[in-house]
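Top line first, the protein sequences correspond to chains A and B.
Everything in the first sequence is counted per the numbering used here, starting at 1 for the first residue and increasing by one.
Everything in the second sequence is counted per the numbering used here, starting at 1 for the first residue and increasing by one.
Because the hints were derived from the structure by calculation, they are not lab data.
Wrong hints could be hidden among the right ones.
[To be verified] Computed from the model, here is a short list of chain A residues facing chain B with C-beta under 10 Å:
{"#": "1", "residue": "Gly400"}
{"#": "2", "residue": "Ala402"}
{"#": "3", "residue": "Asp706"}
[Unchecked claim] Covered by chain B, per the in silico footprint, the following chain A stretches (three or more residues, Cβ under 8 Å):
{"#": "4", "stretch": "214-223"}
{"#": "5", "stretch": "412-423"}
{"#": "6", "stretch": "611-620"}
Given the structure is predicted, the values throughout are model-derived calculations rather than measurements.
Quick reminder that beta carbons are idealized off the backbone N, C-alpha and C, glycines included.
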Amino acid sequence: MSSTPNGDSDEQLSVSEPKTWAAGVPAVAHALQYSLEQTSPRRTALTLLNMNQVDGIDCPGCAWPDPAPGHRHKNEYCENGAKHINDEATSSRVTADFFAQHPVSELAQQSDEWLNRQGRLTEPMVKRPGSDHYVPISWHDALEMVATELRALDSPDEAAFYTSGRVSNEAAFVLQLFARAFGTNNLPDCSNLCHESSGTALSETLGTGKGTVSLLDLHHADLIFVVGQNPGTNHPRQLSALEEAKRNGARIIAVNPLPEAGLFRFKNPQKPRGVIGRGVPIADQYLPIRLGGDLSFFRALNRLLLEAEDARPGEVLDHDFIAASTSGFEEFAEHARSTDWDTVLAETGLSRAEIEAVRDEVLRADRIVVCWAMGITQHRHAVPTIREMVNFLLLRGNVGRAGAGACPVRGHSNVQGDRTMGIWEQMPDHFLDALRDEFGFEPPRHHGFDAVNTIRAMHEGRIKVFLGVAGNFVRATPDSAVTEEAMRRCRLTAHVSTKLNRSHTVCGETALILPTLGRTEIDVQASGEQFVTVEDSMSEVHASHGRLEPASRVLLSEVAILARLANKTVHDTVDIPWQEFEDDYGTIRDRISRIVPGFHDFNARVVRPGGLRLPNPVNEGMFPTRTGTAIFTRNDGSAPTAPPRHLLLQTLRSHDQWNTVPYTNNDRYRGIHGSRRVVLVNAEDMDELGLAERDRVDLVSVWSDDVERRAPGFEVVAYPTPRGCAAAYYPETNVLVPLDSVAEVSNQPASKSVVVRLETVGAPVTAGRG
Amino acid sequence: MVVIEAHSEVDVPLRTAYDQWTQFESFPRFMSAVRAVHHVSPTVTRWRVGIGPLHRDFHTEILEQHPDESLRWRSLDVRPKHEGEVVFSEISEGRTRVLVRIRLGSGGSGPIRGILERALRRELGAFKGFIQGLGESGAAWRGAIHEGRVRQPGEPAPRSPTWPHG
């Protein structure tokens with residue numbers, strides 16, 4: 001396969017029927033095929049057999065937790081994790097010669113897949129002002145260059161420090177300490193883009209910004225909701241947990257605009273029935289909800305539960321819990337009873353009978369878990385929707401006890417840990433006070449910029465220096481044209497990266513590539529071999545030990561890069577032992593143990609098999625909210641709508657993709673092969689819009705400003721999504737998401753409710769389904 | 001449903017007996033069939049029990065826990081399915097009665113019941129020897145649990161980060 005500039009592939013699109021089951025033998029075959037294409041059998045074996053094992057490598061692929069020590073498989077990973085880890089372990093290298101051959105302007109024309117395929121970055125590179133080439137630079141000069149630019153700023157707030165969820169706890173702690181010692185809280189992170197709405201809603205209603213469940217709770221729930229989430233592709237190991245829950249008798253309800261394969265049947269490749277049998281059915285009920293109809297769905301469900309209580313007083317709601325541990329019930333109930341069925345049916349696209357069937361499932365279940373992901377969080381009314389899901393859980397006391405609770409399923413492996421370490425532009429005073437007391441400087445108290453506001457500030461010239469630690473900021477963020485212009489307006493951009501991506505090619509006047517060790521690699525510092533720690537989606541903190549030789553002898557670890565940069569930048573203003581941190585990561589963990597609640601004896605506890613689990617106040621009988629109780633809320637808000645001859649578009653990722661990095665142009669679960677520039681549309685909508693299969697269209701988004709946002713050259717594919725809804729892959733469609741289109745309160749980009757029109761261009765491509 | 005029951009009279013104050021019982025991780029020190037106990041959460045524990053080379057893992061959930069009075073639990077896993085309770089009562093100052101009652105979901109009939117009851121008596125006897133030998137409890141968890149949910153006596157500061165996590 002090859003790609004041509006602009007991301008177009010010379011492959012032809014072919015379409016087959018969407019799959020109705022996930023994993024099985026094909027998952028193993030695809031994982032091994034990709035792994036062996038990237039690196040040797042020996043390195044493949046080293047990575048795979050160490051993945052997610054005690055004393056092994058934590059899979060950077062997702063944040064799903066590992067089973068308890070002693071209960072893990074020898075192959076404790078999924079297809080996508082295997083691909084991701086061997087994508088990092090690749091034997092391909094990007095060297096100085098590569099950059100000599102490829103000017104930045106040419107690299108900027110290449111696809112995400114092509115850039116990623118070039119391999120691991122091997123030495124620091126700089127693009128100087130006016131130049132179109134990256135050239136080698138020493139670590140000393142590179143870091144001196146960044147430090148000099150930072151120190152020359154009129155204000156520390158003219159810099160932003162972005163973090164992606166690959167960053168370890170230790171590096172994240174050093175980064176936020178550096179930013180605050182420098183004098184700013186400008187700490188945008190990838191959380192701003194994926195689960196900010198969850199943290200916002202859960203903090204307000206339960207007093208914790210994290211989910212409340214463990215794997216065990218999932219295993220022992222009676223009923224599990226999987227809402228706005230595609231576990232088969234984005235968290236495949238969750239399917240093992242759902243399989244276990246089914247084995248224990250759980251029922252599962254899937255709520256999703258798309259009939260994703262993993263929602264229906266799972267063939268666990270570690271079990272005989274998953275290899276030669278039919279596997280395990282997952283969803284007992286599937287609700288093909290319209291995009292953004294989830295708030296209406298849960299409001300209707302809550303109304304039905306209140307009415308069921310009216311009919312059977314004392315049998316439906318958990319009155320003891322509501323009376324003892326919650327507030328706001330009466331106002332919530334009054335509001336819920338006013339829920340209008342016509343609105344519910346229009347916004348959800350579901351029938352009343354379907355929702356009543358869900359109510360009946362709920363009434364039969366003593367313990368309920370609600371799981372969700374970005375199908376919920378990336379809507380304008382995401383925060384009210386999650387608050388309404390919390391209302392649903394509170395009604396029958398489904399928090400704070402085994403087998404029940406809230407489960408926001410996070411994507412990147414340490415996205416939760418980075419926030420725990422203080423990567424947030426609005427950290428509370430008690431955390432900043434602890435930093436002050438520990439390190440003897442006064443951290444800034446005014447709030448900094450999140451991801452969206454960082455883009456605005458860069459665009460307006462208020463941020464001049466951008467440092468990105470991991471990730472691919474340009475492709476992860478919305479409104480690509482605006483974001484790229486914003487990056488290009490920076491005086492200096494610098495990225496700590498393992499592989500080439502578009503953020504290196506769309507860069508500031510001066511640009512630096514600071515290549516770093518991957519999590520798979522052995523990290524030796526002055527005190528000896530180091531390990532790092534991460535926190536998964538269920539608050540379990542554990543160690544990750546690199547096992548491979550580094551991709552280059554010149555690479556520095558993330559901690560080393562940040563500690564050296566901090567030392568060069570703030571050595572004369574604060575007295576922080578940056579060199580000690582670089583030499584021995586245990587000294588960082590000592591500091592964390594004194595600053596972050598729950599991390600006492602961190603060094604001792606994290607090396608125990610399985611690490612440590614951070615306590616969740618909800619499970620300890622506490623709701624640290626403004627009332628000291630769990631809070632029922634009254635949630636207004638309507639689902640997004642599209643005017644006539646327009647559709648609501650959700651951006652999503654393909655099965656052969658990890659975050660912003662597509663590995664191939666295939667999405668086999670959805671039956672899409674050979675192209676990513678496809679838009680999935682309901683067949684009746686296609687008829688109404690006068691579109692035929694494979695018509696070539698431009699996607700043009702509609703927003704309240706007069707800016708035209710266009711994603712050109714997509715092929716139309718009929719797909720079983722509800723009327724009025726459509727789907728297309730990101731990051732290609734991020735260009736359509738206006739920067740101002742964000743979730744209320746959380747400021748998270750609303751990438752799942754983009755109003756678009758499809759403009760036909762040229763003649764249909766001739767080919768048929770199958 | 002089969003019920004097996006045993007009790008023991010231990011020569012320590014009620015509070016000492018109760019406090020020691022809340023330290024589940026210490027059970028392998030005196031119970032021959034218990035290999036390991038791990039606190040998963042305040043209400044959930046993971047147990048490994050076994051005889052010789054055979055062992056079985058299971059989880060239990062504490063449904064009710066009232067300091068110096070009683071605990072009631074249930075197994076979470078399908079097998080071995082059981083419920084149980086332990087009741088503490090003061091016989092006299094410095095002397096406490098510990099009663100354990102276990103309801104088995106299946107099996108446990110006939111001779112098996114007798115074996116299980118003898119094993120339960122033996123383990124309770126081991127507890128008696130253990131706590132009388134110590135003379136005092138180590139650490140203790142004095143919280144309460146009602147309907148599977150922790151009831152905090154006051155409102156202590158959270159022991160974990162509570163700021164929003166995106």
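Status of each hint after checking the structure:
Below 10 Å, beta-carbon pairs count as interface contacts, and A:Gly400 has one with chain B at about 5 Å; its hint therefore holds. Annotation: interface hint on A:Ala402 holds; nearest CB of chain B at approximately 4 Å, less than 10 Å. The beta carbon of A:Asp706 comes no nearer than 31 Å to any beta carbon in chain B, farther than 10 Å, and the hint placing it at the interface is violated. Only residues whose beta carbon comes within less than 8 Å of a beta carbon in chain B count, and the stretch 214-223 of chain A has 4; three or more means the coverage holds.
Figure legend: the stretch 412-423 of chain A, annotated as covered by chain B; annotation consistent (4 residues with Cβ-Cβ distances under 8 Å, at least 3 required). Beta-carbon proximity to chain B at under 8 Å applies to 7 residues in the stretch 611-620 of chain A; the threshold of 3 is reached and the given coverage holds.
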